[in-house]
Structure formats: C-alpha cells, structure tokens
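Here is how the chains run, residue by residue.
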Amino acid sequence: MSDPVLQPVSRTDGFVVRRSIFVTMSALLTAIGFVLMLDRYTGQVKFWEDYVVLAVFPLLFSQISVGFVLAIYGFFDKLRGGDPHHIMRGAWRKNEASIPLAATAIVVPVYNEDVGRVTRAVANMWRSLEKTGQIEHFDFYICSDSTHPDRWVEEECAWLSLCQKLNAFGKIFYRKRRHRINGKSGNVADFCRRWGKRYRYMVVMDADSVMIGPTLVRMVRAMEANPDAGIIQTQPYMVLGTSPFRRILQFSSHVYGGLFSQGCSMAQMASGSYWGHNAIIRVAAFIEYCDLPLLPVPDPGKRHVLSHDTVEAALMRRAGYGVWIAYEEPGSYEEGPPNLSDMLTRDRRWCAGNLQHFWFLFARGIEMGSRLQIWIGLMGYLCSPLWLITLVAGSFGSYFRQRFLMLSAEPEDLSAASITPTIELVALTFVLLFVPRILGILTTLPQAKSYGGGFRMIVSALLENLFSMLMAPVLMMFHSLFVLFTVLGVQIKWNPQNRADKGLSFRHCLKLYGWLSVLGLAGWPVTISYLGTAAWWLSPIFAGWILAPFLAWLTSGKGVGNFLIKCGLFVTPEEVNTPPELQGLNEDETEDDAKGGQPSPLWVQALLSPYVQAVHLALVRQGSTGKDETPPRSLADLRERLVREGPQAIPAKDAVRLLWHGETVFWLHQELWTRPKEQLHASWADLQSEAERSRLLKDYLLG
Amino acid sequence: MNTATDQSWNDAYDRLVVYLRTYDLADHAHVARVALDLLQQAKDAYAKDSSREPTALTLSLAQEKITEWLAFNLPQADLSRSNLLSAGCIAILLSGAYRTAPGAFLTSPVPEEMRQALRESLISTGPDLNVSSMTPRHLDYGPMLQFARQTWHRIDLKELIVAVAFWVAVFVIFHWWLSQAL
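Note that the protein sequences, when read in sequence, are chains A and B.
Take the first sequence: its letters are residues 1 to 703, numbered as in our numbering.
Take the second sequence: its letters are residues 704 to 885, numbered as in our numbering.
Among the hints, erroneous ones may be present.
Listed below are the simulated SDA-like cross-link pairs for lysine to any residue, each with C-alpha atoms no more than 20 angstroms apart in a straight line [stated by the list, open to error]: (1) A:677 x B:759; (2) A:171 x B:832; (3) A:165 x B:826; (4) A:698 x B:797; (5) A:653 x A:112; (6) A:165 x A:699; (7) A:165 x A:580; (8) A:677 x B:713; (9) A:566 x A:242; (10) A:302 x B:840; (11) A:197 x A:287; (12) A:46 x A:405; (13) A:449 x A:576; (14) B:768 x A:675; (15) B:746 x A:675.
Derived list of chain B stretches under chain A, where covered just means 3 residues or more per stretch with a C-beta under 8 angstroms from a C-beta of chain A [as the list claims (entries may be wrong)]: (16) 723-732; (17) 758-767; (18) 787-794; (19) 825-838; (20) 841-849.
Just so you know, these hints were derived from the structure itself, not from any lab.
Even for Gly, the Cβ is constructed at its ideal location relative to N, Cα and C.
Please model the entire structure based on the sequences and the hints provided.
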C-alpha cells in the first residue's frame with residue numbers, strides 16, 4: 001500500500017499568512033520573555049542551577065505565549081463575526097436544507113458506565129433527531145467494552161428497553177466486544193470493520209456526550225457539501241455539574257473554551273483538533289487511513305497508541321482530508337470530572353497518551369499543523385516537570401548566590417543576590433496569562449444573563465481564577481509524577497470515568513493530598529528563612545499545596561455545589577435554559593447511590609430470569625444458531641463451581657467467560673431451577689426469590 | 704423404587720411458583736392454577752418413573768411445557784431449545800402479553816390476536832455484518848526511530864562515551880554562550 005500524498009485541503013489565501021503570524025507572534029513573545037529573563041542574570045554570579053532555569057524558561061514561556069496568541073486570534077475572529085473561510089460558512093449554507101443526508105452511524109462506546117445515564121442520552125438524541133424529520137438517516141450503535149458482568153447484562157436490558165420505548169428496533173444496536181483490544185480506539189475500529197461500509201459518516205460520542213438533532217443533521221450536510229473534510233469536531237461544552245469542581249470547570253469551558261477553539265480554528269484551519277468525541281468522521285477515509293500504527297518500541301505490550309484522537313487527526317490530515325473545528329455549532333455537550341481525584345485519574349491516562357505522541361512529532365508525512373497539535377499536547381504535560389525543575393533550580397541558584405555574596409561582598413549587595421523577575425517580565429507574564437481570560441469574559445459579557453447576570457459572572461470568574469491559581473501547583477506536582485511514571489513505564493490502568501457528583505471523604509483527600517500540605521507547611525518557612533524576600537514569589541505555590549486536601553474535599557460534594565447554585569455562581573447557559581436533550585439525564589443519581597448497596601449481583605439474573613436470559617442470549621448469539629456450543633472443559637468445571645459455591649465464589653472475569661457461552665448460560669438456567677436445594681449453594685434460594693423483583697426487570701424490561 | 708416425601712413435593716411446588724413468578728404474569732390465580740396443573744403432571748410422571756427427584760422433575764416439566772407452548776405459537780420452531788425460549792420470552796415481553804393476556808400463558812390454543820402479537824414481536828438484534836479491512840498504513844517514524852533503535856538494540860561503552868561527550872559539549876557551549884552574552 002503506497003503512502004498517501006498530502007493534498008492542499010481548503011488552503012485559502014490567508015492560510016499561510018495566518019500561520020506565519022501565529023508562529024511569529026508566539027516566537028516573538030517567547031523571545032521577549034527570554035531576553036527579560038537573561039537581563040536579570042546579567043552581571044550576576046551564576047551557578048549551574050541558573051543555567052537549568054535559563055534552558056527551561058523559553059520552553060515554559062512559549063506555552064503561555066501560544067495560549068495568548070490563540071486567544072487573540074479567537075477574539076479577533078469573534079470581533080469580525082467569524083471566519084469567512086471556515087468550512088461551516090461555505091456557500092453550501094445558503095441551500096443547506098436542500099442537501100440530502102447520507103447514512104450516518106452514531107457510535108457510543110461504553111466501558112462500565114452508568115447504564116441509565118447512557119441510555120437516557122441516546123433516547124434524548126433520538127427524540128431530538130426525530131424532531132428534525134431526518135431520523136431515517138441515523139442509526140445508533142452502543143458499542144460496549146464493559147468488563148463488569150453486571151454492567152454488561154444491564155446494558156443489554158437497557159438496550160431492549162430503549163428500542164421498545166422508542167420503537168427503534170433495527171435502528172439502535174448493541175454490540176459487546178469479546179476481546180477488549182486497544183481501548184476506545186479499538187472499539188471504534190471494531191465498529192468500522194463490522195459495519196463501517198454501511199455508513200458514509202459516523203459521529204463518535206463519549207459515554208457522557210450529547211448532541212442535539214439539528215447540529216447532527218448540519219454536520220452531515222457539512223460533510224456532504226465538503227468532500228475533502230475528513231473530521232469535523234464540534235465544541236463540546238461541559239454541562240450538568242452539581243459539584244463545585246465540575247461547576248467551575250464547566251463555567252470556564254463556557255467562558256474561555258470557545259475563545260481558544262475559535263483561535264485554534266483560525267490559526268489551524270483544516271489542521272484542527274479532534275478530541276475523540278462529539279465529532280463527525282468520514283468513515284471510508286477513516287477505515288482507509290486512520291487505523292493506528294503500532295509504536296516502534298521494543299516492548300510489544302506498549303506499542304498501542306493510548307490517546308488516539310490526535311494521532312487519528314494527524315493521519316486523516318496526512319491522507320489529504322481536512323480536520324475542522326466547528327466552534328460555533330450549538331448543542332454539543334459532555335460532562336466533566338466531578339472532583340479533583342477523578343480529574344487526576346483522567347489526566348494520568350491522558351498524560352501517558354500524549355507523551356506517546358512524541359513518536360509522531362518527527363514521523364514523515366505528518367502535516368505541520370498536526371505536528372503543532374502534537375507539540376501543544378505534549379507540552380501540556382511536560383510543562384509541569386519543567387516548571388518544577390525551574391522552581392527547584394531557581395531556588396537553589398538564589399540560595400547559593402546569597403551564600404556566595406555573604407562571603408565575598410558588602411552586606412548591601414545581598415539585596416541583589418536573589419534573582420527576582422523584573423517588573424517588565426512579571427507584567428508580560430501577567431498579560432499573557434490573564435488577557436486571554438479577560439478576553440473570554442469580554443466576549444461572554446453580552447450573554448451575561450445566561451450566566452446569572454453580569455455581577456455574578458464577574459464574581460464567578462474571579463473565584464475561578466483564584467481556584468485555578470491554587471490548583472496549578474497541585475496539578476504541577478501530580479502531572480510531574482505522571483510524566484515520571486510514564487517514563488519509568490509504570491502501567492496505566494484504564495479505569496472507567498466516574499461521572500457522578502459524589503463527594504470525596506476528607507479522609508480520602510487527606511490520604512491523597514496530605515503529602516502536599518506537609519510539603520507546603522515544611523517548605524514555606526524553610527524557603528523564607530533561606531531565600532528571604534524572594535520566597536514570597538513562591539507563596540501561591542505553597543498556599544496551593546497546603547490547601548490541597550481541603551480544596552479537593554470542599555469542591556467535590558453537592559452541598560457546596562447547591563450553595564453555589566443558590567448564590568447564582570458559576571451559572572452556565574444550559575442551567576438557565578435547559579435544552580430538552582439535557583433534561584432528565586441524571587435524574588436517578590440519588591437512586592444510583594442507593595443501588596450501590598444492593599447485595600446481590602445483577603449478572604446472575606441472566607441465569608435466573610427467563611426474560612433477562614432471553615435478551616442476553618439474543619445478543620450474545622447474534623447470527624449464531626446456538627446449536628453446537630459444547631463448552632470447553634474449563635468452562636464446564638467453572639459452571640459446576642458456580643452452582644455449588646454460589647456467585648460470590650466466581651470472580652468477575654470468570655463470570656464474563658460464562659456469560660459469553662450461550663449454551664452454558666442456558667444450561668445454568670436449567671440447572672439452577674431444577675436442581676434440588678441440597679445440590680445448590682444456599683445463596684441461590686435467595687437469588688431465585690429475588691429474580692421476580694430484580695432491578696433489571698423493574699427499571700428496564702417490565703417498567 | 705424411591706418414595707418422595709410430602710416435603711419434597713412441597714419444595715418442588717414452592718420452587719415452581721417462584722419460577723413461574725419470574726414471568727411476572729399479572730394474573731396470580733392463573734399462575735397458581737398452572738403451578739398446580741404442572742405439579743400434578745409431575746406427580747403422574749413420578750408415579751411411572753421415580754428415578755428423578757420431585758423438584759428436578761417438576762421444573763424440567765415446566766421448562767419443557769413452556770418451550771413447547773412457545774414453539775407452537777411462534778413461527779421459528781426449527782430453532783434450538785435455548786434460542787426458542789429466548790425468542791419467545793422477548794416476544795412475550797415486547798407484546799406485553801404477560802400483562803394483557805396473562806391467562807393465556809401455557810394454555811392452548813391462545814387467542815389469535817395474542818398469537819399474532821407474539822409473532823410480530825420477534826426481533827433481529829443486529830444488522831448483518833458488512834466487513835471492511837482496516838489495517839494501519841506504514842508510517843515512517845523518521846530520524847527519532849533510527850536514533851532510538853540504536854539505543855535499544857545495543858549500548859556499548861563507545862556509544863555511551865560519545866553520548867556523554869555530546870551532552871557535555873552541548874552544556875559547555877551553552878555555558879560559554881551565556882557567559883559571553885550576560
């Protein structure tokens with residue numbers, strides 16, 4: 001197979017100028033910062049720690065410069081009313097309604113998720129599409145990779161219930177993958193291999209994603225009108241948060257997120273970002289060009305690309321198709337992590353994935369814009385250890401200089417011992433950090449009513465800034481550890497994302513973040529005693545560390561979240577005017593809490609309840625007659641053990657093995673009901689009695 | 704010949720009732736009637752052949768009767784027993800027969816409209832496969848791969864010295880440049 005040749009996709013006249021200005025401005029700002037930093041070292045005695053600081057500084061400064069320039073681009077684009085060369089503003093929009101739609105699959109990959117939440121989101125999207133009158137062009141695929149047998153069986157029952165309620169048999173499908181290879185990207189690739197040919201487009205979602213019907217329809221039309229578009233990524237806004245942490249994130253995603261996306265789109269045009277969900281993809285091109293290559297590392301277990309989206313975008317771009325960000329399209333939503341611990345769990349995964357992208361940075365045939373995306377993603381995590389190194393090296397450099405001067409100079413010279421940034425450098429840093437935020441607020445102010453009013457919006461923004469400032473040093477420490485773990489090859493466990501706003505216990509917070517408090521409480525006085533006034537520059541960092549357990553705990557629960565809602569703080573437009581697609585999504589969260597205490601496993605209902613078993617067998621035997629399924633010896637022993645020792649004796653992994661074998665499931669159904677109680681484990685009597693009032697029947701099948 | 708005790712028949716009856724309740728039939732009296740009828744048939748069978756224990760005999764009989772009843776009412780009699788039960792139970796669920804016509808469960812003949820509803824409630828679970836080949840294209844990882852490969856495959860003393868010398872040189876040049884510049 002020959003390598004694809006990069007085509008000049010949608011390169012309008014302004015493209016080169018835009019990117020040149022973007023790179024030049026970023027480089028210039030970095031250079032100014034570096035010169036100001038160098039200036040502080042002029043005439044000073046230097047130690048090797050100072051050279052470390054000077055070596056790392058441009059890398060760090062370049063990141064805030066890039067962010068600043070993107071925000072300026074976004075602001076400029078907003079002021080002029082949008083990019084006239086953007087794919088979503090093409091001539092096709094004039095006759096939009098006349099563009100016929102093509103077959104599109106909405107792919108919802110799930111992995112041990114809250115099943116009720118997923119199915120309600122699918123139902124809401126279905127109803128929204130129905131209202132557009134274009135539902136016939138869309139099919140839904142719930143592609144499960146769940147490893148927990150309870151989740152698996154629940155997903156199956158939920159699928160039947162969904163199809164029945166929406167009269168969507170033959171339109172909503174459920175597929176459970178037997179071998180969970182390559183995580184989410186493998187899940188989507190598996191869909192493509194099985195059914196990709198049936199569809200021209202697929203909309204890839206996350207388990208917590210929701211998109212409104214009109215936007216889905218418009219995305220398909222945009223793809224139809226632009227055959228060189230490979231991926232169109234919508235801007236998903238975080239919604240439905242009740243915990244303070246999630247509310248702060250969703251507020252900042254609304255106020256600042258759009259600005260950066262717009263700036264990124266203006267600078268990158270057809271080499272935009274793909275975030276792995278809430279995006280439409282041209283299936284044939286994806287199948288042809290975007291299967292992820294293995295990484296060229298010696299350990300076969302580490303060759304899989306963990307974070308697939310950026311690489312897929314780069315491969316799509318390499319094949320000559322455009323990757324666009326549809327930043328203006330409304331009605332694209334996701335949910336953020338509910339607390340700091342869950343965000344860190346997610347970040348650890350992303351960190352490992354982004355660092356792998358290093359390989360693609362120098363790969364041949366990758367477009368410059370894609371390299372830029374990879375670089376930004378890479379530096380997103382590498383900046384943390386670099387920042388930490390700078391802080392430590394800078395502090396030691398100052399200390400050694402102070403000692404050197406004490407021994408060799410007049411006392412009045414000691415004031416010059418510490419390298420404190422010049423006022424110009426501080427001012428420039430503040431401008432680069434805070435101007436994007438101010439621009440975000442300015443662009444949002446006209447819609448202040450949707451954010452609880454102008455005053456509340458400003459107060460929310462100030463609190464958000466304070467929170468971000470205190471969180472930054474905490475994230476720096478954890479991200480540095482994640483980078484270290486990744487480099488050392490410590491395995492990353494792919495945990496399902498927790499999407500419920502359940503509070504963290506203070507004990508948990510103390511256990512996880514207490515070491516930072518100790519570090520802060522011990523480090524602050526020590527630094528002050530050794531560095532004197534220079535240590536005050538480090539105060540926000542120590543403050544963030546000391547307060548970490550308290551902040552993590554305070555921002556995780558619904559109590560403070562409800563108080564913030566009452567005060568009208570961190571309000572987002574979807575809270576003021578909730579679209580129907582978001583209504584009722586988290587309605588049974590309280591019920592879910594109660595469900596957590598349910599003693600009996602759900603999966604045994606696939607063996608006991610005729611209805612649950614029927615659904616399970618129908619799905620597990622898709623396309624098979626089930627006539628020749630002699631179980632292997634190991635399975636025969638396992639099922640006998642289940643009967644004799646009860647479900648608690650069977651690990652989840654073995655339960656999944658049993659459930660995969662249709663004949664075994666049927667055999668167990670017969671045996672568990674026909675065997676006299678003396679031949680069954682005592683727990684089965686209770687489970688049999690529970691079978692008629694199982695949650696699966698109540699919530700899904702008989703509800 | 705074994706003789707079953709009253710207790711063992713009580714156990715069989717209790718298990719049978721629990722089993723039939725899992726079908727969630729709205730007519731509880733009908734469930735009781737069906738249970739008694741099945742129990743009697745099991746006792747009759749036991750009288751002829753007492754090799755099986757009452758619970759096993761009664762519940763096996765119940766499952767057989769349900770399969771036969773479904774086979775009679777569905778157009779897919781050629782399916783395996785497990786698939787027939789699966790299709791039948793889904794049809795009962797989707798047609799709502801457990802609520803609308805609970806009295807028809809295990810009776811023959813069933814009302815024609817119910818039979819029709821059951822037949823119309825058979826479902827297909829997934830679309831036919833339309834298989835594509837999706838394989839990764841060759842990607843040349845460029846100079847970094849060459850560099851890394853050499854490191855992975857063999858690190859000898861000479862290369863180590865060269866690498867250390869290289870980085871020392873870089874640091875010295877950087878140091879010299881900064882000393883001149885500042």
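Taking the hints in turn, this is what the structure says about them:
1. With a C-alpha separation of about 10 angstroms, the suggested pair residue 677 of chain A and residue 759 of chain B falls inside the 20 angstroms cut-off, and the hint holds.
2. Only pairs whose Cα atoms come within 20 angstroms are accepted, and residue 171 of chain A paired with residue 832 of chain B is accepted, the gap being roughly 15 angstroms.
3. Restraint check for residue 165 of chain A and residue 826 of chain B: satisfied, since their Cα atoms lie roughly 14 angstroms apart, inside the 20 angstroms limit.
4. At most 20 angstroms may separate the alpha-carbon atoms for a hinted pair to count; residue 698 of chain A and residue 797 of chain B meet this at roughly 15 angstroms.
5. For the given pair, residue 653 of chain A sits about 13 angstroms from residue 112 of chain A by alpha-carbon distance, which is consistent with the 20 angstroms threshold.
6. The hinted pair formed by residue 165 of chain A and residue 699 of chain A meets the criterion: a straight-line CA distance of about 12 angstroms does not exceed 20 angstroms.
7. In summary, the hint linking residue 165 of chain A to residue 580 of chain A is supported, as the alpha carbons are separated by about 17 angstroms, within the 20 angstroms threshold.
8. Annotation: proposed proximity of residue 677 of chain A to residue 713 of chain B holds, straight-line Cα distance about 12 angstroms (limit 20 angstroms).
9. For a cut-off of 20 angstroms, the pair hint linking residue 566 of chain A to residue 242 of chain A stands: about 11 angstroms separates their Cα positions.
10. Straight-line distance between C-alpha atoms of residue 302 of chain A and residue 840 of chain B comes to about 19 angstroms, which keeps the hinted pair within the 20 angstroms bound.
11. Taking the CA atoms of residue 197 of chain A and residue 287 of chain A, the gap is near 9 angstroms; set against the 20 angstroms cutoff, the hint holds.
12. Between residue 46 of chain A and residue 405 of chain A, the direct Cα distance comes to roughly 12 angstroms. Compliance with the 20 angstroms bound is thereby established for this hinted pair.
13. The suggested pairing of residue 449 of chain A with residue 576 of chain A holds, with an alpha-carbon distance near 9 angstroms, which does not exceed 20 angstroms.
14. Taking the CA atoms of residue 768 of chain B and residue 675 of chain A, the gap is about 18 angstroms. The hint holds against a cut of 20 angstroms.
15. In summary, the hint linking residue 746 of chain B to residue 675 of chain A is supported, as the alpha carbons are separated by about 17 angstroms, within the 20 angstroms threshold.
16. For a cut-off of 8 angstroms, the count of residues in the stretch 723-732 of chain B with a CB near a CB of chain A stands at 4, and the three-residue condition holds.
17. With 5 residues bearing a CB less than 8 angstroms from a CB of chain A, the stretch 758-767 of chain B meets the requirement of three and the coverage assertion stands.
18. Under the rule that three or more residues need a Cβ within less than 8 angstroms of chain A, the assignment of the stretch 787-794 of chain B holds, with 6 such residues.
19. Three residues within the 8 angstroms Cβ limit are the bar, and the stretch 825-838 of chain B against chain A gives 13, so the coverage statement holds.
20. Using a Cβ-Cβ cut-off of 8 angstroms, 8 residues of the stretch 841-849 of chain B lie near chain A, which meets the minimum of three, so the contact claim holds.
Hint violations for this structure: none, all hints satisfied.
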